[in-house]
Each structure stands twice: as structure tokens, then as C-alpha cells.
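Participant: If you read the protein sequences in the order shown, they are chains G and C. With the working numbering applied, the first sequence covers 510 to 809. With the working numbering applied, the second sequence covers 4 to 277.
I should point out that these hints are in silico values taken from the structure, not numbers from a laboratory. Since the model is a prediction, treat every value here as computed from it, not as a measurement. Hints may be right or wrong, so weigh each one.
[As the list claims (entries may be wrong)] Cβ-to-Cβ under 7 Å is the rule here; a few derived chain G residues that face chain C:
#1 Met-541
#2 Thr-559
#3 Ala-655
[Said to hold, decoys possible] Listed below are several chain G residues computed to face chain C (Cβ distance under 7 Å; list not exhaustive):
#4 Pro-530
#5 Thr-534
#6 Ile-551
#7 Asn-579
#8 Leu-604
#9 Ala-615
#10 Trp-619
#11 Leu-626
#12 Ala-633
#13 Ser-634
#14 Tyr-635
[Stated by the list, open to error] Negatives, chain G to chain C, calculated, CB over 12 Å:
#15 Ile-549
#16 Phe-569
#17 Gly-776
#18 Asp-804
For every residue, glycine included, the Cβ atom is placed at its ideal position computed from N, Cα and C.
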Amino acid sequence: MSAAENEATQAARARGLQLGPVLLTLPATAAMLVFFVAPIAIFVVYSFLTAQLYDVSRPFTLDAYSAALNSDLNRTLARNSIEIGLLSAIFSVALALPVAYWLRYATGRWRMVVLFLITASMFASYLVRIYAWRTMLGEHGVVNSALESLGIIDQPLGFLIFNRFAVTVALVHIFLPYAVLVLFAGFQPIRPGLLEAAQDLGAGAYVRWRRVILPLVAAPALSAFLFVFVLSASDYVTPQFVGGSSGVMLGVQVQANFTTVGNYPLGAATSLLMLAAFVTLYFAIRFGLRLAKLDRVRFS
Amino acid sequence: MTVRSRGALAITIAALLFLYVPLAVVVLFSFHETGSLSLPFTGFSLRWYRFVLSDPGFRSALENSLFVAAWTSVITLLLGTLASFGLARTRSRLRGPLALLFFLPITLPGLFIGLSMLVFFVRVNIDLSLTTVIIAHCVYVFPYFLLIAIAALERLDPALEEAAADLGANGWLRFWRVTMPQIWPLLVGATCLAFALSFDEFVITFFVIGPDGTLPLYIWSQLRRTVDPSINVVSTLLMTVTLVLWLVAFLFALRAARRKAASGDDLVAEVVPL
Chain G
510 MSAAENEATQ AARARGLQLG PVLLTLPATA AMLVFFVAPI AIFVVYSFLT AQLYDVSRPF
570 TLDAYSAALN SDLNRTLARN SIEIGLLSAI FSVALALPVA YWLRYATGRW RMVVLFLITA
630 SMFASYLVRI YAWRTMLGEH GVVNSALESL GIIDQPLGFL IFNRFAVTVA LVHIFLPYAV
690 LVLFAGFQPI RPGLLEAAQD LGAGAYVRWR RVILPLVAAP ALSAFLFVFV LSASDYVTPQ
750 FVGGSSGVML GVQVQANFTT VGNYPLGAAT SLLMLAAFVT LYFAIRFGLR LAKLDRVRFS
Chain C
4 MTVRSRGALA ITIAALLFLY VPLAVVVLFS FHETGSLSLP FTGFSLRWYR FVLSDPGFRS
64 ALENSLFVAA WTSVITLLLG TLASFGLART RSRLRGPLAL LFFLPITLPG LFIGLSMLVF
124 FVRVNIDLSL TTVIIAHCVY VFPYFLLIAI AALERLDPAL EEAAADLGAN GWLRFWRVTM
184 PQIWPLLVGA TCLAFALSFD EFVITFFVIG PDGTLPLYIW SQLRRTVDPS INVVSTLLMT
244 VTLVLWLVAF LFALRAARRK AASGDDLVAE VVPL
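Start from the sequences and build out the full structure, keeping to the hints where you can.
Facilitator: See below:
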């Protein structure tokens with residue numbers, strides 16, 4: 510092979526490398542366009558159509574949106590969803606902060622074990638966790654029967670299940686591991702030296718958290734908060750099993766619109782409004798972080 | 004001097020108890036000799052396991068779940084490996100939009116994904132079946148797989164591939180003999196993760212399932228009918244499968260981290276991309 514030919518093949522190979530990588534994504538891109546983007550597009554179109562029982566027809570209208578916004582039921586359920594979502598997110602992040610902190614700064618072999626246990630609990634089935642809390646909190650559940658056999662109570666505690674409290678507990682149980690992982694990643698760039706310096710300068714635990722740690726992890730803590738809030742507020746399974754009547758959430762109603770009620774546009778419009786609220790919250794959090802100048806913390 | 008963390012340790016232990024006590028209770032009562040699900044625990048028996056294992060409904064649900072999870076993880080492994088190479092190696096302007104497309108499903112609530120898929124399948128006249136469940140699971144699992152695969156590829160030392168290229172290895176040879184030996188443990192881990200996520204998925208599956216149910220659907224219908232330890236048995240079996248898969252994935256990630264890490268590096272931090 511002559512030098513010129515060799516150069517030509519080299520150049521061809523280089524061009525191939527330029528084009529090649531994007532081509533590799535083609536099968537996945539095609540699949541995602543057909544099975545992910547197209548469904549969402551159809552879903553959005555549905556929200557603007559006229560409802561028929563378990564079907565849709567023309568003309569295009571905003572009826573579903575005005576119905577979704579003006580329904581008293583939806584408002585009550587939206588308030589429930591927001592409250593439960595906020596409580597779940599606050600408790601998850603508050604609990605995850607010290608756990609992630611320990612995972613980051615403790616020493617010794619137990620860290621790997623704890624990391625495994627935290628992540629493993631993510632894989633303990635979603636439905637099983639809901640069922641577990643029904644077993645724990647039920648009228649004849651483990652908590653009540655334990656307290657009764659210890660003689661602490663005579664009557665089962667009725668406030669443990671079928672309300673917002675039970676839904677919140679189950680949701681924190683489901684989403685806590687995710688919050689820990691997000692925060693653990695958030696703690697990574699904060700070198701132990703920074704905290705040791707604060708300690709050497711006489712900062713106690715409170716001042717260290719308030720003045721050093723929390724500002725540095727504000728951004729990841731808020732992304733964990735948003736993550737838990739979105740998934741909790743849109744949950745439709747947990748409230749059905751442990752929520753009772755006071756713990757019903759908007760997701761249950763959306764699901765019903767598609768399964769038992771058969772009003773597709775209303776269900777589509779309601780869930781798109783939920784999504785719009787989540788996106789708004791995302792931008793509000795980003796804006797707040799920027800105002801507080803905590804969005805781009807430099808660690809060096 | 005190290006940072007004091009006694010309070011954090013106490014809360015970590017409390018969090019682990021909070022996470023594990025309810026699950027332990029579920030497992031414990033799967034061995035209960037009576038049908039009661041409250042204390043006192045009267046004695047051990049395997050009768051509920053015999054009961055569940057002889058239930059044809061459970062067996063077909065288990066088979067369906069294995070079928071769905073197997074296909075989901077194979078498809079995800081193929082499309083995900085290709086896409087991760089494409090995304091990690093390209094300098095094209097398409098990179099940003101493609102990443103957005105691939106990672107969007109992770110940010111959307113399952114309710115939303117499930118419903119839009121239901122509407123889509125109804126609209127294009129595809130009957131709901133295990134096939135539609137596999138399609139939905141692939142969309143759901145894909146970003147998780149991609150996240151790990153891209154992290155694995157970006158941690159590679161490009162000098163190794165360049166050296167192989169200089170020595171005359173073509174693209175395929177470099178892929179099989181240089182890149183693959185470095186990343187396969189994480190790909191195995193990511194495939195296990197895909198299997199486990201699919202095996203346990205309920206929120207999306209609920210909307211796209213046909214007449215044949217999967218294991219989580221089986222639990223769901225049981226939960227609505229009766230409450231006896233047979234649910235605990237199915238729950239325990241389901242958790243065992245996903246936990247074993249996660250253990251395998253975790254050990255592969257640990258192995259990859261050990262190989263990669265210099266002696267001073269923090270192994271715990273290295274495992275986290277998984």
C-alpha cells in the first residue's frame with residue numbers, strides 16, 4: 510500500500526469516526542421518538558379534544574382544561590397532593606441530609622455496608638413497601654398490637670392509617686433512598702478539610718450546618734426535594750391502599766378518568782396541569798437559588 | 004482530626020431501622036403458621052409458601068414477569084450500549100438534544116408516562132399485551148442504563164484506545180479487545196439493574212398491561228381482595244429476586260471501582276455512578 514493510499518484510508522477512518530458515533534444512537538433515537546415522543550404528543554392532543562365515553566372526538570376545545578381547573582373535587586385533591594408532596598419531600602430531605610453526611614465523612618468499612626443497605630432498599634418493591642405500611646399501621650397492625658400487648662394502650666390507635674399521615678410515611682419510606690443518593694453526590698465536592706477548618710475555628714455542630722454545610726448543599730438538597738415532591742405528589746397507588754378518604758390525591762382522580770370514568774381529555778388535561786405545576790416549581794427553585802447566589806458554588 | 008459525626012450516625016441507624024423494620028415484618032409474617040398478620044407471632048410454618056407456589060395464578064405471573072424483564076434487559080443492553088457509545092464519543096451538535104430525549108423519561112412521573120403510552124397504544128390499535136409492557140419498560144429503564152454506561156465510558160483512559168489504533172487495531176478489534184474488557188462489569192451491573200427495575204415496575208405497567216399479569220400486578224390484585232400471609236410470601240419472593248440482582252450489580256460496580264481506583268481513592272464514592 511502506498512503512502513498516499515494509507516493516508517486516504519486514515520482520513521476515511523477519521524471521517525467515519527466523526528459520523529459513526531451519532532449513527533450508533535439511531536436505533537434508540539427511533540425507538541424513543543416512536544414510543545415516547547409520539548405518545549406524549551398524542552396525549553397533549555387528547556387534552557384539547559372533546560370527551561366521549563372512553564373516546565375522544567373533534568372539535569378542539571379548552572373544555573377539559575376549564576373543567577379540570579374549576580372542579581371543586583380537583584381543587585381539594587390538588588391541595589391534598591401538594592400537602593402530602595411537601596411533607597414527604599421535607600421529611601425525606603431532612604432525614605437524608607444527616608445520612609448522606611455520615612456516608613460522606615465517616616470512616617471505616619461500615620460505610621460500604623450502609624451504602625449497600627440504602628441502595629438495596631430502593632429495590633425492595635414499591636408495592637411491597639405500601640403493603641408493609643398497611644401491615645405496620647393497620648387497626649390490627651403490628652404497631653397497634655405491639656402497643657396493646659405491652660399494655661400501653663387499650664384501644665387500637667385509629668389515627669395511624671387511612672389518612673395523610675400514613676400516605677406520607679409510606680412515601681418517605683419509598684423515596685428516602687433516592688434523596689440520600691442525590692445528597693451523597695452533593696456532598697462529594699465538599700472536602701472534609703473545609704469542615705475541619707470550621708471546627709478548628711470553633712464552630713459547633715449547629716454553626717457548621719447552618720453556615721458551612723447547608724449553603725454548600727442547598728442546590729442538591731433542593732433537587733432531592735423536587736424529585737421527592739414530584740414523585741410523591743403524582744403518586745396514585747399509595748393513597749388507594751393507605752390513604753382512606755382524607756388522603757386521596759390528584760393522581761387517583763387522573764387514573765380514574767382513564768379507567769373507571771372514561772373521560773380521557775379531562776384526565777389528560779389534569780395531568781398536564783400537574784406537570785406544568787412541577788415545571789414551574791423547578792424554575793422557581795432555580796430562580797431562588799440564583800437569587801441566593803447558591804446555584805454555582807465554587808469548592809476550590 | 005476527623006469531622007465529628009456521632010449525631011449523624013444515630014440518625015443513619017434510625018433511618019436504616021425505618022427502612023428495614025417494615026420490610027422485615029413483611030418477611031417475618033410470610034412464615035407465620037396462622038393467617039393472622041398481627042402480633043403475637045405464634046410460630047413458623049411454610050404453609051403459605053406451599054399455598055402460593057401451588058397457585059397457577061402466581062406461576063403464570065412469575066413467568067410473565069421473567070419474560071418481560073428478560074426481553075427488557077436484552078433490548079436495553081443492545082440499544083443502550085450502542086447509544087452510550089454514540090453519546091459518549093460524539094462531538095456532534097446533536098449531542099444535547101439526544102441526551103435530552105434519552106434522559107427525559109427519568110424526570111417524568113410514571114403516571115404520565117403510563118397514561119400517554121396507554122393512549123398511544125389505543126390510538127394506533129396495538130392490543131395491550133406483554134409486548135406493550137416490554138415496550139413501556141424499555142422506555143422507563145433506558146435512561147438508568149444509559150447513565151451507568153456513559154459514566155463507565157467517560158471514566159476510560161482514551162490513551163489505551165489510541166495506542167491500540169496506532170498498533171493497527173480497527174474499530175471492532177478496539178471495541179472487543181480494549182474497551183469491552185474495561186467496561187463489561189458495569190454493563191453487567193446496569194443490565195441487572197434494568198432487569199430488577201422491570202421486574203418490580205408497577206406504576207407504568209398498570210396502564211399498559213393486557214390480559215396476562217405480571218408479579219406486581221398479581222400482588223396488586225391480591226391486595227384488593229384478601230389480606231393474608233400469602234401476600235407476604237409473594238412480596239418476599241419478589242424482593243429476593245430484585246435484591247439478589249442488585250447485590251450482583253453492586254459487586255460488579257465494586258469490582259470495577261477497585262480495579263480503577265488508586266489506593267488513596269474513595270471506593271464508596273466510586274461505586275455511586277451505579
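Participant: Against each hint, give a clear statement of whether it holds in the structure.
Facilitator: Hint-by-hint comparison with the structure:
At about 5 Å, the closest approach between the beta carbon of G:Met-541 and any beta carbon in chain C falls short of 7 Å, and the interface hint on this residue holds. At a threshold of 7 Å, the smallest CB-CB gap from G:Thr-559 to chain C is about 15 Å, leaving the interface hint violated. For G:Ala-655, the shortest C-beta to C-beta distance to chain C is roughly 5 Å, which falls under 7 Å, so the interface hint holds. For G:Pro-530, the shortest C-beta to C-beta distance to chain C is roughly 4 Å, which falls under 7 Å, so the interface hint holds.
The interface hint given for G:Thr-534 is met, as the beta carbon of that residue sits about 4 Å from the closest beta carbon of chain C, less than 7 Å. Because the closest C-beta pair between G:Ile-551 and chain C is about 5 Å apart, less than 7 Å, the hint holds. Annotation: interface hint on G:Asn-579 violated; nearest CB of chain C at approximately 22 Å, more than 7 Å. Because the smallest distance between the Cβ of G:Leu-604 and any Cβ of chain C comes to about 6 Å, under 7 Å, the interface hint for this residue holds.
Interface hint at G:Ala-615: satisfied, since its Cβ lies 5 Å from the closest Cβ of chain C, which is below the 7 Å cut-off. Hint status for G:Trp-619 relative to chain C: violated, with the closest Cβ pair at about 9 Å, above 7 Å. Interface hint status for G:Leu-626: upheld, as the beta-carbon distance to the closest one in chain C is roughly 6 Å, under 7 Å. Contact between G:Ala-633 and chain C, as hinted, is supported at the beta carbon level, the nearest pair being about 5 Å apart and thus within 7 Å.
Annotation: interface hint on G:Ser-634 holds; nearest CB of chain C at approximately 5 Å, less than 7 Å. A least Cβ separation of about 6 Å between G:Tyr-635 and chain C falls short of the 7 Å threshold, and the interface hint therefore holds. Remark: the non-interface label on G:Ile-549 conflicts with the geometry, its nearest Cβ contact in chain C lying 5 Å away (cut-off 12 Å). At roughly 16 Å, the least C-beta separation between G:Phe-569 and chain C is larger than 12 Å, which holds for a residue marked as non-interface.
Under the 12 Å C-beta cut-off, the non-interface status given to G:Gly-776 relative to chain C is violated; the minimum distance is some 7 Å. Residue-level check passed: G:Asp-804 sits 19 Å from the nearest beta carbon of chain C, beyond 12 Å.
Checked against the numbered hints listed earlier, the structure breaks hints 2, 7, 10, 15 and 17; every other hint is satisfied.
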